[in-house]
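Asker: If you're matching them up, the sequences are chains A and B in order. Here the numbering used here is used: position 93 in the first sequence is 93, and no number is missing along the way. Here the numbering used here is used: position 325 in the second sequence is 325, and no number is missing along the way.
Keep in mind that the hints were calculated from the coordinates and are not lab data. Note that the coordinates shown come from a computational prediction; the quantities given were computed from them, not determined experimentally. For every residue, glycine included, the Cβ atom is placed at its ideal position computed from N, Cα and C. Any given hint might turn out to be false.
Claimed, not checked - Restraint ranges, calculated between C-beta atoms of paired labels, are given here:
1) B:ALA316 x A:GLY111: 55 to 65 Å
2) A:ILE53 x B:GLY355: 49 to 59 Å
3) A:LYS105 x B:ILE333: 36 to 46 Å
4) A:TYR35 x B:TYR61: 34 to 44 Å
5) B:GLY35 x A:GLU109: 44 to 54 Å
6) A:VAL107 x B:GLY355: 36 to 46 Å
7) A:GLY111 x B:ILE333: 49 to 59 Å
8) A:TYR35 x B:GLN62: 46 to 56 Å
9) B:ASP169 x A:LYS55: 39 to 49 Å
10) B:ILE333 x A:GLU121: 21 to 31 Å
11) A:GLU121 x B:ASP225: 29 to 39 Å
12) A:GLU121 x B:ALA316: 53 to 63 Å
13) A:GLU109 x B:GLU150: 47 to 57 Å
14) A:TYR35 x B:LYS277: 22 to 32 Å
To be verified - Examples of chain B residues lying across from chain A (beta carbon under 8 Å, computed):
15) LEU38
16) HIS376
17) ILE416
18) GLU417
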Amino acid sequence: MSALRELYQEVILDHNKSPRNFGRMADATRKVEGYNPLCGDHYTVYVRLEGDIIKDVRFEGTGCAISKASASVMSAAVKGKTKAEAEMLFRSFHKVVTGVADPMKHVEELGKLAAFSGVSEFPARVKCATLAWHTLHSALESKTTVVSTEKD
Amino acid sequence: MKPIEEILERENKLSAYDLLGCRHHFPVLRQQVNGKPLVYFDNAATSQKPQVVIDTIMRYYQEENSNIHRGVHYLSERATRAYEAAREKLQKFINAASYEEVIFVRGTTEAINLVASSYGRTNVKRGDEVLISALEHHSNIVPWQMVCEEKGATLRVIPMNDKGELQLDQYEKQLTNRTKIVAITHVSNAIGTINPIKEMIAMARLRGIPVLVDGAQAVPHMKVDVQDLDCDFYAFSSHKMFGPTGVGILYGKKSLLEAMPPYQGGGDMIKSVTFEKTIYNDLPNKFEAGTPSIASGIGFGAAVDYLKNIDMQGVATYEHELLTYATEQLSSIRGVRIIGTANEKAAVLSFVIDGIHPHDIGTILDDEGIAIRTGHHCAQPVMQRFGVPATARASVAFYNLKDEVDVLVRGVHKVIEVLG
């Protein structure tokens, strides 16, 4: 398979075309915007936390296929997980897309997220793949527990 | 080794505008990328360098390297001569009235910062206005924003229509006695619009308002005559016109430059220094503090010599043919939309594809060996005006071929096949 096909795998093409959990969330407890000024990718990630559990995640915004698919797969992957579990998943995902870790060793843990392993061949696109994750990370770290989604 | 002039003549002897001959002068173009011949369509970001420019820089370091304007020794005199000869070549290239009006800077961005900082800070006061246009690159927005913020002045923006053309009727109304300077681009880097700057300068001149022109995207594509334009300042970069990076020119009218305070202090810009008082140097050195990029300056001169042998009218005609052909081919593809359709347009083709982000376009085209720029092109307000976060931009130089446009078109079909 060519590097290009490795990058744009079926899972990515599918989630780009039909993103899951796309759109705003009225009862979010956390809301953080993520922006990549280099390419203009711009997403808002909504999280509803109950205690330590991520009960729901949604996102909206625009960006390239890699960033949108990554946000979509991420939203499905972290739903129902604890904050600590989600952070651990981000660490593994980050290692795989930056080429530090062998994706084969993380297949079980990553599931569909393994589809992003091809990104490691395209250093300029690593930021696209991790934008939603960095945004989620900020949301989980954020001190604000109640956010207004009324104004925008 | 022979003097630079002889090398130039040997490598540069083009009896007439000769496209294939020109292409052979650019060694970087003779390579494969991802197993395919490189198709370089990112000329608005930076142009490639002909062998003669590369040789001149190497020769400078091998035979002439020395600091300028100070040594009494042989090498320093030789380097000074070569550097000042480059200034004179540039003076002739833009038809400036005097070498004193040709100031070496790091590039267009520094040239604009110099004017904003020196002329702007001196002349813009609370309640005044600085007038720029909706087509500007960030480098012709932010320096003026900084001055306006500092002085309590207002930044006004000449609007554009849906084709990407500035609205001169609005511009006329925006020129008031509060306007202290107009700063406009000659050619838009993001969408290629060629502005009617001669007319716009004349309109400002009627009210005694000075005009700075950002010429970065104009000089590689058309003949520029600063006296004919009657602009007060004209800024451009070497690297976009086949010269090295790190050097550019600020042209300014002598009367304005003489009245302006220095931009930076240091060596070379002084006549005498005591702890009590410094006497500044004459033009152009007053604005050239510190050791400049000497090799790049001399290389810039070689690029001008190279361009002298090229028929710029022929370049403009040829590039326009390529633009027309590429526009026809690309816009006939379903889902492709051209951003910026001004009647007067340089060979910059910005486009978007329905449902596909420019970044993905860039990655897939790169796999085909095609280099284009994707993103906001340092012109976010232009993107906002057209309601897109980014575009894909193919920009042409005279060494590009019609065949390469065909490769681009096939690449765009592939993008749609993969992601459509």
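Asker: Identify whether the interface hint at HIS376 (chain B) stands, where standing means a beta carbon of chain A within less than 8 Å of its own.
Answerer: This hint holds: HIS376 (chain B) lies near chain A, its Cβ roughly 6 Å from the closest one there, short of 8 Å.
Asker: If I claimed the Cβ atoms of GLY111 (chain A) and ILE333 (chain B) lie 49 to 59 Å apart, would that claim hold in this structure?
Answerer: violated, 37 Å
Asker: Do the Cβ positions of TYR35 (chain A) and GLN62 (chain B) conform to the proposed distance bound of 46 to 56 Å?
Answerer: holds, 47 Å
Asker: Is it true that VAL107 (chain A) and GLY355 (chain B) lie within 36 to 46 Å of each other by Cβ?
Answerer: Given a distance of about 31 Å, which is not inside 36 to 46 Å, the answer is violated.
Asker: Taking 8 Å as the limit, does the beta-carbon of GLU417 (chain B) come near enough to a beta-carbon in chain A?
Answerer: violated, 11 Å
Asker: May I ask you to test the hint 36 to 46 Å on the CB atoms belonging to LYS105 (chain A) and ILE333 (chain B)?
Answerer: holds, 43 Å
Asker: Does the hinted range 53 to 63 Å hold for GLU121 (chain A) and ALA316 (chain B) at CB?
Answerer: violated, 40 Å
Asker: Assuming the hint says 34 to 44 Å, is it satisfied by the Cβ distance from TYR35 (chain A) to TYR61 (chain B) or not?
Answerer: holds, 43 Å
Asker: Starting from the range 55 to 65 Å, see whether the pair ALA316 (chain B) and GLY111 (chain A) falls in it by beta-carbon distance.
Answerer: holds, 56 Å
Asker: Mind checking the CB of LEU38 (chain B) against every CB in chain A and telling me if the closest is under 8 Å?
Answerer: violated, 17 Å
Asker: At a threshold of 8 Å, is the proposed contact between ILE416 (chain B) and chain A supported by beta-carbon distances?
Answerer: violated, 13 Å
Asker: Given a hinted range of 22 to 32 Å, is it respected by the beta-carbon distance of TYR35 (chain A) and LYS277 (chain B)?
Answerer: Check failed, 50 Å falls outside 22 to 32 Å.
Figure legend: structure checked against the earlier numbered hints; hints not met, in rising order: 2, 5, 6, 7, 9, 11, 12, 14, 15, 17 and 18.
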